[in-house]
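Protein chains in written order, with our numbering: chain A, 1 to 161; chain B, 1 to 161; chain C, 1 to 161; chain D, 1 to 161; chain E, 1 to 161; chain F, 1 to 161.
No lab work stands behind these hints: they were computed from the structure. Incorrect hints may appear among the rest.
[What the hints assert, rightly or not] Below, a sample of chain C positions facing chain B; criterion: calculated Cβ distance under 8 Å:
no.	residue
1	A59
2	I63
3	S109
Glycine included, C-beta positions come from ideal geometry on N, C-alpha and C.
Protein chains: 6
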Amino acid sequence: MADTPTLSHVDASGSARMVDVGDKAVTSRTAVAEAHVTMAPATLALILEHRAAKGDVIATARIAGIMAAKRTHELIPLCHPLLLTNVAVVIEPDTELPGLRIVATARVSGQTGVEMEALTAASVAALTVYDMAKAVDRGMVIGGVRLLEKSGGRSGHWHAS
Amino acid sequence: MADTPTLSHVDASGSARMVDVGDKAVTSRTAVAEAHVTMAPATLALILEHRAAKGDVIATARIAGIMAAKRTHELIPLCHPLLLTNVAVVIEPDTELPGLRIVATARVSGQTGVEMEALTAASVAALTVYDMAKAVDRGMVIGGVRLLEKSGGRSGHWHAS
Amino acid sequence: MADTPTLSHVDASGSARMVDVGDKAVTSRTAVAEAHVTMAPATLALILEHRAAKGDVIATARIAGIMAAKRTHELIPLCHPLLLTNVAVVIEPDTELPGLRIVATARVSGQTGVEMEALTAASVAALTVYDMAKAVDRGMVIGGVRLLEKSGGRSGHWHAS
Amino acid sequence: MADTPTLSHVDASGSARMVDVGDKAVTSRTAVAEAHVTMAPATLALILEHRAAKGDVIATARIAGIMAAKRTHELIPLCHPLLLTNVAVVIEPDTELPGLRIVATARVSGQTGVEMEALTAASVAALTVYDMAKAVDRGMVIGGVRLLEKSGGRSGHWHAS
Amino acid sequence: MADTPTLSHVDASGSARMVDVGDKAVTSRTAVAEAHVTMAPATLALILEHRAAKGDVIATARIAGIMAAKRTHELIPLCHPLLLTNVAVVIEPDTELPGLRIVATARVSGQTGVEMEALTAASVAALTVYDMAKAVDRGMVIGGVRLLEKSGGRSGHWHAS
Amino acid sequence: MADTPTLSHVDASGSARMVDVGDKAVTSRTAVAEAHVTMAPATLALILEHRAAKGDVIATARIAGIMAAKRTHELIPLCHPLLLTNVAVVIEPDTELPGLRIVATARVSGQTGVEMEALTAASVAALTVYDMAKAVDRGMVIGGVRLLEKSGGRSGHWHAS
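Chain A with its partners taken away, still in its complex shape (with noise of 0.2 Å):
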């Protein structure tokens, strides 16, 4: 096992199988998340120009994306459900790329990590920007969809390099 990785949610003979947890120790488990929309620039001043004004795009994200989060287990069809403790999502604009930057973080207190409700809750907020955004830029870019951090559970604290 040491030597040859193999996928965990795929059984000998090939089948799709969620992985048993009832053995796993229940333990606080963190997963940060991130995501980016890159778009044209006069799409994201009239962004913030609304944001200045009411913040609806982001507002309207940032609960997309926490809604999401809680139904992950619903849309990846191996994921196990779970009692998140905390979902939270950051969206903050970078005249870089231009665009939003989206940091999403999950929290539990349970047998299995959170890593794919903080990817959800990132990948559903930026689809939320482009579904908002799309009458005046339909080229937009979701990109950047990875796990930053994760901590709890026996494979330790992780961070992406």
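Got chain A sorted already, so can you dock chains B, C, D, E and F onto it with the hints?
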């Protein structure tokens, strides 16, 4: 209005709102979106060996993408429910990345476009690949999530430059 | 039948049933519903100060109402699924209450009315206000949840007296 | 902090956020909420006659309330998912209203309270009554949706004054 | 193609796919499905005594079946969402089984049939009976889940032989 | 109580209710359920040929069963939400039937059993087989949906006779 593009999902006071599509024509609409998952060469090899045998990583991701498209309006706050007539998700290996390329197509006969359904299908398929291979490669990155093409509706045909 | 009103959702033997709308005409239908949340004056002030800053209690409640409208048929057992063309939720402070007044509008082009969608949007927006402010005021009360107006369909226009 | 009550679901910058309950104790928590539906006397009579026979309006509303409680975290954006150990919905006629009175009780052993689950159960049960009787009485009004009592958790026992 | 029946949901390479129904005619379509739950005579007697009083096992199963039909496209990966115009679930005791017989009817005006909706309604109603009576009879068996009849669409009328 | 078995989900007045599991012990619980789909020999051959190639009918049904298990509490009105630690679905051809045999296993560490989750997984996997093969064989029948075995909880080990 012609001179000043505005965000269709935000009203004059900045509040989030759905776009009223009640007066739009019912036309046949198609959208094509893509995403890719970049991974270590060894991760791709593992997935492909399983595909050779039973193909379940890719098969599972394809199904997850199709199912997610049907729930787009639950995830994206201001999307309209619609009667998808087809969703197709194609996932191909790309040794240049290295990783997997995902193309999702959504079709509807309705009053609003299906860009978000195609983008959601591609995103959730990519997240599912991440979930199924993350035990061997936490450093995978999802990127290039974008609209390739859309047709139907008032704005007619559009494709990414 | 003209003399004896009956409950359309209960059949002759008393069993719950959906109303068969297959023979109804497809017409444009609109419904408007309202609700209010009565609270301590200090609670309203807190919400409004935040609204001045970023408006998130009200913005979150508005989004929750819109999203809930789309899931009405999942919550109300005998409601039909339908293709909402618009949902709008307006939330205004009322210092007389004191509290917030919520007005929700739902529109569809379909075979059945959207009263339940408008009422569900208003109710869930109100519940969201309660959730977000309950840490400072558990005594809030949601009331006045009612249909204000409906149009379209065989029964034509109706508005609350 | 002791002097200035703040909205727990809004962070310092006004953005909506979940409350992190990861450090709260797991305790047994109960919440009781109520709602009522005011209607024309003839509407109440129709419902009760059916209840005498098969009781399906009230039975359906009771089930809808129970089922909705289980989905509270999907509807209310910042609610945590939790493992309800019980939901009970009692619906009684009140000829003084005239109408129906609904009392919903939710219980959990967890890190966060179940007020929203009880309130959601009562609200959706009331909406279901409206749906099933609206063909004979569009003027029904849902009111008095409030928390009656809660116990468990750091804040201990609370009941409506 | 006429000579070689193929699986419509599997493409030439064996990948799962939705059938594109965008070019099918919108017609009125109906499907009727059945299921039965076989149980000990004493279990049936218990259910029927309660039905005499308030009928709630059967009433609850009926509602569960109706609600499940509306979510068929969420459960069955390659089913299309559709606008059901009616779902009816009839549950009758059969002392010969002994047990309960369930007949579910689904109707739609749309581009694809409603067989799966009728079958899902019957199956979930049967599972609900099992759930509600399992404390007294774990040996119940659900069987005979099959399509009785369908009409509408290109293939016209079909009924079980 | 020992002498008179009662339906745990129906209270003294006949109203449907959830069983309060708040005082039950948290134990490791497992349930195994089965179902079969009987079909024409040619239908089975078609499915198996595709399985030889890419296996998608069976792979899709397996995933659908796993995903449905996670949503059991949304479908079955009085089921409790729970944190499944594993769901496994095995689907094997049986030329004697002829058709497919499905065995679903669900596991949890919780206060209530997982019989309904195992039964729901088996049922939805069977429905998915029906959906994917119905274009060539509408006469398929799902049967033998039953609990094979359960362990954990106060009632201890049980297996079908």
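Does the structure break any of the earlier hints, and which numbers would those be? none
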